[in-house]
Amino acid sequence: MRKSTASGTLRYLLTCWKLNAAGAMEFRLSFFLTAGMMFINNCIWLVFWGIFFTKFPVVNGWELRDVMLMWAVAAGGFGWANMLFGNFTRVAAITAAGQLDVYLTQPKPVLLSVLASRMSLMAIGDFMFGWVIYGLVGDHSLRGLALFMLGLLISGLLIMFFTLVANSLAFYIGNAEGLAFQVFNGFLALTTYPTDIFRGGVRIILFTLVPAGFISYIPIGLLGGIQDSFLIGALGITALVAGIGIAFFYHGLRRYTSGNQLGIRS
Amino acid sequence: MGMYALEVQKLTKTFAVKQKKAGFKESVRSLFKPQWQVKEAVKNVDLLVKPGETVAFLGPNGAGKSTTIKMLTGILHPTSGDAQVLGCNPWKERGRLAFRIGTVFGQKSQLWYHLPPADSFELMSRVYELRRSDYLIRRDLLIERFELGAHLQTPVRKLSLGERMRCEIAVAFLHRPQLLFLDEPTIGLDVIIKQRIRELIAELNREEGTTVFLTSHDPGDIERLCKRAIIIHHGGVILDDPVDRLKREVLKYKTIRLKLREQEQQAMSFRMDGVSAAYEDSCTILLSVDTNVTRIETVLAFIVEHYTLEDVTIEDPPMEEVIKHIYASEKANLLLGAEGE
Numbered sequence: 000m001r002k003s004t005a006s007g008t009l010r011y012l013l014t015c016w017k018l019n020a021a022g023a024m025e026f027r028l029s030f031f032l033t034a035g036m037m038f039i040n041n042c043i044w045l046v047f048w049g050i051f052f053t054k055f056p057v058v059n060g061w062e063l064r065d066v067m068l069m070w071a072v073a074a075g076g077f078g079w080a081n082m083l084f085g086n087f088t089r090v091a092a093i094t095a096a097g098q099l100d101v102y103l104t105q106p107k108p109v110l111l112s113v114l115a116s117r118m119s120l121m122a123i124g125d126f127m128f129g130w131v132i133y134g135l136v137g138d139h140s141l142r143g144l145a146l147f148m149l150g151l152l153i154s155g156l157l158i159m160f161f162t163l164v165a166n167s168l169a170f171y172i173g174n175a176e177g178l179a180f181q182v183f184n185g186f187l188a189l190t191t192y193p194t195d196i197f198r199g200g201v202r203i204i205l206f207t208l209v210p211a212g213f214i215s216y217i218p219i220g221l222l223g224g225i226q227d228s229f230l231i232g233a234l235g236i237t238a239l240v241a242g243i244g245i246a247f248f249y250h251g252l253r254r255y256t257s258g259n260q261l262g263i264r265s
Numbered sequence: 000m001g002m003y004a005l006e007v008q009k010l011t012k013t014f015a016v017k018q019k020k021a022g023f024k025e026s027v028r029s030l031f032k033p034q035w036q037v038k039e040a041v042k043n044v045d046l047l048v049k050p051g052e053t054v055a056f057l058g059p060n061g062a063g064k065s066t067t068i069k070m071l072t073g074i075l076h077p078t079s080g081d082a083q084v085l086g087c088n089p090w091k092e093r094g095r096l097a098f099r100i101g102t103v104f105g106q107k108s109q110l111w112y113h114l115p116p117a118d119s120f121e122l123m124s125r126v127y128e129l130r131r132s133d134y135l136i137r138r139d140l141l142i143e144r145f146e147l148g149a150h151l152q153t154p155v156r157k158l159s160l161g162e163r164m165r166c167e168i169a170v171a172f173l174h175r176p177q178l179l180f181l182d183e184p185t186i187g188l189d190v191i192i193k194q195r196i197r198e199l200i201a202e203l204n205r206e207e208g209t210t211v212f213l214t215s216h217d218p219g220d221i222e223r224l225c226k227r228a229i230i231i232h233h234g235g236v237i238l239d240d241p242v243d244r245l246k247r248e249v250l251k252y253k254t255i256r257l258k259l260r261e262q263e264q265q266a267m268s269f270r271m272d273g274v275s276a277a278y279e280d281s282c283t284i285l286l287s288v289d290t291n292v293t294r295i296e297t298v299l300a301f302i303v304e305h306y307t308l309e310d311v312t313i314e315d316p317p318m319e320e321v322i323k324h325i326y327a328s329e330k331a332n333l334l335l336g337a338e339g340e
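As you go down the protein sequences, you meet chains A and B in turn. Using numbering that gives the first Met the number 0, count along the first sequence one by one with no gaps and you end on 265. Using numbering that gives the first Met the number 0, count along the second sequence one by one with no gaps and you end on 340.
In short, the hints are calculated from the structure, not lab data. A portion of the hints provided could be inaccurate.
As the list claims (entries may be wrong) - With a Cα cut of at most 20 Å, we get these calculated SDA-like pairs of lysine to any residue:
hint	chain 1	residue 1	chain 2	residue 2
1	A	K2	B	L129
2	B	K32	A	V58
3	B	K19	A	G173
4	A	K2	B	K19
5	B	K17	A	K2
6	A	K17	B	Q152
7	B	K91	A	I245
8	B	K91	A	K17
9	A	K2	B	R93
10	B	K253	B	D217
11	A	K2	B	Q152
Unchecked claim - Computed far set for chain B versus chain A, every beta-carbon distance over 10 Å:
hint	residue
12	Q8
13	T11
14	E25
15	T72
16	G73
17	G94
18	T102
19	H113
20	D118
21	L122
22	E128
23	L188
24	I237
25	K253
26	E319
C-beta atoms are modelled at their ideal positions from N, C-alpha and C, and glycine is treated no differently.
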């Protein structure tokens with residue numbers, strides 16, 4: 000009897016991405032506007048921090064360059080995750096509307112199919128923003144490049160799977176869209192403030208329950224010289240959150256109730 | 000594979016539905032003290048379907064058709080009961096089973112909305128890991144069969160519903176499924192397209208031996224396509240018969256809707272064996288024809304001879320009527336049985 004193979008699944012993913020990109024480019028103007036807007040949006044934040052640092056050049060050991068890299072890592076990580084797996088913010092909505100049916104009747108892994116079935120246009124702007132900042136202030140040595148890419152990987156995976164956990168609540172409490180959106184936005188916001196402005200209990204939470212600290216600290220703990228305890232922690236937490244997200248989703252899938260809303264893959 | 004393509008025992012699915020009366024006050028009450036009611040969408044359904052059979056799974060809206068098909072394709076987990084589809088348990092071996100079954104949901108598209116169908120074919124060839132050369136031959140055959148050549152490069156959002164549905168079904172046949180589930184494949188389509196889609200499915204059933212399991216609330220779907228009809232109502236099977244027999248005993252009634260040009264004609268009474276008439280309004284007459292007693296052509300000839308017509312349509316009775324009839328004849332049979340003893 001046939002089973003899905005790893006190489007077959009990889010080819011499937013590549014085709015998904017190719018078609019997503021084609022679908023995104025179907026509306027040319029919208030494509031450039033949306034991606035461009037996000038780019039500009041991020042720049043405005045940097046201008047704000049730039050003004051801030053002209054008054055106070057160092058904040059708890061952070062310089063403007065660190066803050067710029069923090070934005071590059073957060074936006075770039077969010078960018079690739081949302082480009083390649085653009086449905087991770089919408090799992091709750093898709094579940095509540097009963098639109099998992101199509102993926103469930105196909106032999107490819109359900110979660111992977113759902114996530115990879117959409118490419119966010121905005122995210123392309125975010126992703127490019129990350130690289131432009133890296134180009135401006137990053138470490139351009141081979142080692143620096145590798146570390147930046149590792150930072151993007153950790154950041155994207157953490158954002159994606161943390162959001163997935165909140166979205167998978169939809170299987171258990173029904174309508175989780177609002178909650179999931181707030182969790183996602185809150186998490187994203189926390190990744191873009193210098194970790195060291197937080198102290199005490201909040202700081203502990205940032206490295207445990209809401210592990211946004213493992214993204215915002217990347218400019219110091221990874222790009223500014225590898226701190227072993229940070230790197231091990233970041234990789235461990237990323238694996239843990241990913242594991243929880245996947246388990247939560249598949250456990251919830253058993254409770255999936257489908258629905259009869261008209262659905263079209265877009 | 001065993002003897003059966005589909006083997007279902009006591010399949011049951013219940014949903015908990017929140018009950019709330021209308022009004023804001025009730026909404027607040029329901030927020031703190033929700034009242035749940037258990038709804039049995041499917042109860043104790045038993046089915047046996049042999050390979051190559053064409054089965055129509057009929058019932059009015061809300062009868063449990065879709066829920067049953069969703070359990071058989073692994074989308075929903077049942078509350079209790081067991082099922083073997085092509086020898087697999089659908090909710091435990093979903094991934095393996097998916098390679099061997101095809102699904103068409105009239106209300107849920109498999110096609111990529113903003114992209115042309117050609118791209119969806121491409122994606123499906125990857126989903127089912129088809130060998131490249133096999134895929135291309137198969138694709139071209141289906142494109143020819145379903146007459147899709149002209150629409151292949153048009154984004155799906157710009158196709159008509161009929162064109163889209165032909166694409167959906169062609170895509171579902173791409174990986175040569177042994178068993179094809181179709182949930183309301185003709186919903187919303189006009190008569191000619193409906194007919195064409197039925198013919199195409201019937202052809203592939205004949206040529207490739209694909210088992211077809213189709214749900215519909217349109218009795219017309221079964222006449223061309225299916226040899227066996229299963230009717231469910233309130234979640235349970237109430238009839239499982241060859242279509243021939245169903246046609247003879249239950250689907251023998253046709254409705255003729257006459258729209259008359261002049262009002263005064265209604266004074267004329269309609270006397271014919273096996274035909275009963277009812278006036279919908281002053282110009283519209285509904286005739287219920289028992290086709291076992293009087294042929295539909297005879298009735299039409301009579302009408303054309305005696306009336307000046309604005310419009311005439313012939314319809315199958317709605318599913319609700321068919322079910323009423325089944326219950327009535329069951330009751331009659333029971334009474335007859337009781338008398339015989």
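Check each numbered hint against the structure and report the violated ones by number, ascending. 2, 4, 5, 8, 11, 15, 16, 17, 18, 19, 20, 21 and 22
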